[in-house]
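K.L.:
Here is what each chain is made of, one letter per residue.
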Amino acid sequence: MAPLPGWKDLPPGCPIQEPLSARNNLTGSWRSARPIWDHDKCVRCGVCDLFCPEACIKPDHEGLYQANLDYCKGCGICAQECVTQCISMKQEEE
Amino acid sequence: MGTRIGKEVSIGIAEAAMMADVDVVSAYPITPQTHVVEHLSELVADGHLDAEFVPVESEHTAMSTCCGSVAAGARTFTATSSQGLALMHEILFIASGMRLPIVMAVANRSLSAPISIWNDHGDVMAERDTGWLQVFVENGQDAYDHILWAFRVAEDHGVLLPIMVNFDGFIVSHVVESLEEWSPEEVRRFLPPYDPPYRLDVDNPWTFGPVGIPDIYLETRKAHDEALLGAKATMVKAWSELADVVGRQYYPVEQYKADDADIVFLSMGGISETCMTAVDELREAGKKVGLVRLRLWRPFPFDEVKAALGGRKVIIAIDRALSTGGPGGPVASEVKAALYGLETRPQVIEFIAGLGGRDVTVGDFKQMYEKGAAVAAGGPVPGYELLGVRA
Ligand code: SF4
Ligand code: SF4
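Those sequence lines, one after another, are chains Y and H.
For what it's worth, the working numbering labels the leading residue of the first sequence as 1, then goes sequentially.
For what it's worth, the working numbering labels the leading residue of the second sequence as 1001, then goes sequentially.
Chain H on its own, in the form it takes in the complex (with noise of 0.2 Å):
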């Protein structure tokens, strides 16, 4: 077991990269991710991580960077945030549909205008079909093990997809925690070294990116989808593969006291552990209510969310981003397409909250409690909230 320290969640993400041994990083500093990459630079500068740290004009040039350097065969890392994660949405494509198996970490904070450096969902929602793998984390722990696991399962041959490993900006990013960081060995147990299939290599020429013709794109298409959907299972093995190691077992759908609850709230990322501490405070009050809490985002777990929410009375979904002039927040929508098909479909009140760093407090929770109680009771279904919005 390694040792249990109080840390700032930003730092234990950039000694996670380093455990990890990554080869390469490449990242534009930008607020709220700043501290992870300036981190990684001390490390890399000061010779405790025998990395390149390529320094760059943006963020698209940073993406850039990461899949020249992954596909040449080296361990590559990467964070940003916001406007930079905007910013290489052009090269998150090439990533993906080359299947380079670059790690990010993405600080979430809401986009502009107006200007907010503050948390919300919206910059990763509007990455949500990049063809990347994507996971939420809740707090510091959870960030430091998944950096790990991202590298395990991305680099997987079975698999070879990038992956965002998503962590709240401010609330999560830049509070200090006790995190248990793992051991050498413990690191040598869990994540192989990365050896990738083929690789840019002048005794060894490969083509990586060619043209794809009318008459191929489709299938390549095809493959990626199936790529995506099909790296859930190496996702689970490597959680418990994880689980075996230090003892933390993670799962792509987490509950908490929803055994036997008729209401449960849906939340995905941080704001599950406010809604921890409503949970309990309602069950104390004699309320049957329970959380749902979404770790895996893309491929999005269908199986495991029907089966978490199907047979509820009501689902309070819990938004941290707005699709805006459509259908409310995305993972609402996204629930309500795999409850589609149930015989009996649980009601879902949909709650957009927290947009640009606005408070989500424990009352707030009691609140929506109080409305899904009386949709419950067989009171009209409202259409989507938008959370403490002033009139």
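Same shape as in the complex, but just chain Y (with noise of 0.2 Å):
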């Protein structure tokens, strides 16, 4: 990741020209547990992809349900949300 900027390098009142730079943060470095999906319990509907605030979950060229590590922060709506209890959230240091 680019250096963070010193005070002096901002532009004044910080407007942003870059589209979509949100992505540049990435929220993963906030996760202090990840979900951990059962895919044989999964059926695929896609709930968890609505509910996520990242919006970082997608199906693998397989289909199987993922999180996008680099931005998910470990909030565990997904787990909550999962219509057949599939994703279960484990803490980071296990």
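Take these hints with a grain of salt, some might be off.
Claimed, not checked - Computed list of lysine to aspartate or glutamate pairs in DMTMM-like fashion (alpha-carbon distance at most 25 Å, straight line):
| no. | chain 1 | residue 1 | chain 2 | residue 2 |
| --- | --- | --- | --- | --- |
| 1 | H | Lys1222 | Y | Glu18 |
| 2 | Y | Lys8 | H | Asp1225 |
| 3 | H | Lys1366 | H | Asp1259 |
| 4 | H | Lys1336 | H | Asp1225 |
| 5 | Y | Lys8 | H | Asp1195 |
| 6 | H | Lys1313 | H | Glu1281 |
| 7 | Y | Lys58 | Y | Glu92 |
| 8 | H | Lys1288 | H | Glu1254 |
| 9 | H | Lys1306 | H | Asp1359 |
| 10 | H | Lys1237 | H | Asp1195 |
| 11 | H | Lys1007 | H | Glu1181 |
| 12 | Y | Lys8 | H | Asp1259 |
| 13 | Y | Lys8 | H | Glu1385 |
| 14 | Y | Lys8 | H | Asp1156 |
| 15 | H | Lys1237 | H | Asp1215 |
| 16 | H | Lys1287 | H | Glu1254 |
| 17 | Y | Lys8 | H | Glu1219 |
| 18 | H | Lys1371 | H | Asp1359 |
| 19 | Y | Lys8 | H | Asp1215 |
| 20 | H | Lys1222 | Y | Asp9 |
| 21 | H | Lys1336 | H | Asp1259 |
What the hints assert, rightly or not - Examples of chain H residues lying across from chain Y (beta carbon under 10 Å, computed):
| no. | residue |
| --- | --- |
| 22 | Ala1071 |
| 23 | Ala1074 |
| 24 | Leu1218 |
| 25 | Ala1227 |
| 26 | Asp1262 |
Because the hints were derived from the structure by calculation, they are not lab data.
All figures in this text were calculated on a predicted structure; none of them were measured in a lab.
Glycine included, each C-beta is placed from N, C-alpha and C at the ideal position.
Using the supplied hints, reconstruct the complex from the two chains, each of which is provided in its own coordinate frame.
P.N.:
The following block contains the structure:
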């Protein structure tokens, strides 16, 4: 990641011209627990993806749902909302 | 040179905004600011001013509208007072944090409760730390000149900050004074068109007002603080450009008969003119007294205050607001902070005067002088006093 700007580097009022620059902010660094899928129980309804506040859950090339850990902040909402209870949250230190 | 004409100060302020060729005015009427925005509304309706006048349902919306219009590249003016200023409070931080150069005239008035429409500085002191530039004017000419000056300063690319021009409700806003208006040619020489470095534009999009996470918020505060402190140089430059154009010279801190004075009054706003009369009479009676007036309030002019007050025996600081349950008056506290580092510090005695429109007379200033003279003669330094309060 590029070094963070000093105060002199900021344009007045901090407007942003780069579209989608929020992507540069890797919210995965906030995470203290990560979602773990039991893919045998997953019915691929996509509800977890709809609820994820980071919109970081996508099916992989085999159609298995995964969280992008660059952005998953570990909030646990997916695990709470999953219709088959197939997501569990695992502490990062474990 | 423009024409000299007798005019109500509020009308003069509206016409100064017209001379600045504002593009957008958004305001909600409130006593004693009302005549300013009523007149601007008339000027737009009658075709004298080519601008959008945006009537709104509250001051919160007025200030929000101003943020949007100035961000879109429109020169923007508003005015308010008291409860209206308080209702803007939340958006004031947004305007300054986003560095939006709005010019706002504030007709200073006390805050409720109890309900009071009369003059003091309680309203603006509650907005002291909103990150706006703030100046105080003393009379109609001062007010007129400072509306044009405020646009010149706020929109400067080295500044880009909103600015409040404070003028006392009723005792300045509603009096008819002899005003020298600027000619269109003088305005052209002094005030370039508003040309922001970036603006809201669908063809060239920018995000204004993004989130500042803990990694960056601190740096934005530092940049904002430095911008305020750094604005003083542009303000001083703009005052000298103003003097070149219309011949009136203003400074961050101004003095009246204070050169050799051991005891000086320190005041801010319209009350200074009454104080000058008191100084004249005390001088005639042989007293070595003078007056130091604060014109600039934010950024606080520390160096100029030290230069003007260092070496005096006694400062009689006059506040128009009370920091309830705190150190007394906000002006006196900041002045004391400015003087704290001096090797020999003047004594400061503090009066909170004219709250809620209570008259402050020449006689009152003479009484304050007597108390200052007692301290100069070695008497004890009293705590702050609410001038004229009945027991
Ligand atoms: S834990 Fe939160 S952020 Fe991570 S995938 Fe689940 S819902 Fe999204
Ligand atoms: S909500 Fe549960 S069942 Fe549905 S796709 Fe997500 S993980 Fe699978």
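K.L.:
All hints, please: hold or fail.
P.N.:
Hint-by-hint comparison with the structure:
no.	hint	in the structure
1	H:Lys1222 to Y:Glu18	holds (23 Å)
2	Y:Lys8 to H:Asp1225	holds (12 Å)
3	H:Lys1366 to H:Asp1259	holds (19 Å)
4	H:Lys1336 to H:Asp1225	holds (21 Å)
5	Y:Lys8 to H:Asp1195	holds (22 Å)
6	H:Lys1313 to H:Glu1281	holds (20 Å)
7	Y:Lys58 to Y:Glu92	holds (21 Å)
8	H:Lys1288 to H:Glu1254	holds (17 Å)
9	H:Lys1306 to H:Asp1359	violated (30 Å)
10	H:Lys1237 to H:Asp1195	holds (19 Å)
11	H:Lys1007 to H:Glu1181	holds (10 Å)
12	Y:Lys8 to H:Asp1259	violated (41 Å)
13	Y:Lys8 to H:Glu1385	violated (44 Å)
14	Y:Lys8 to H:Asp1156	holds (18 Å)
15	H:Lys1237 to H:Asp1215	violated (36 Å)
16	H:Lys1287 to H:Glu1254	holds (20 Å)
17	Y:Lys8 to H:Glu1219	holds (8 Å)
18	H:Lys1371 to H:Asp1359	holds (19 Å)
19	Y:Lys8 to H:Asp1215	holds (15 Å)
20	H:Lys1222 to Y:Asp9	holds (11 Å)
21	H:Lys1336 to H:Asp1259	holds (21 Å)
22	Ala1071	holds (9 Å)
23	Ala1074	violated (16 Å)
24	Leu1218	holds (8 Å)
25	Ala1227	holds (7 Å)
26	Asp1262	violated (43 Å)
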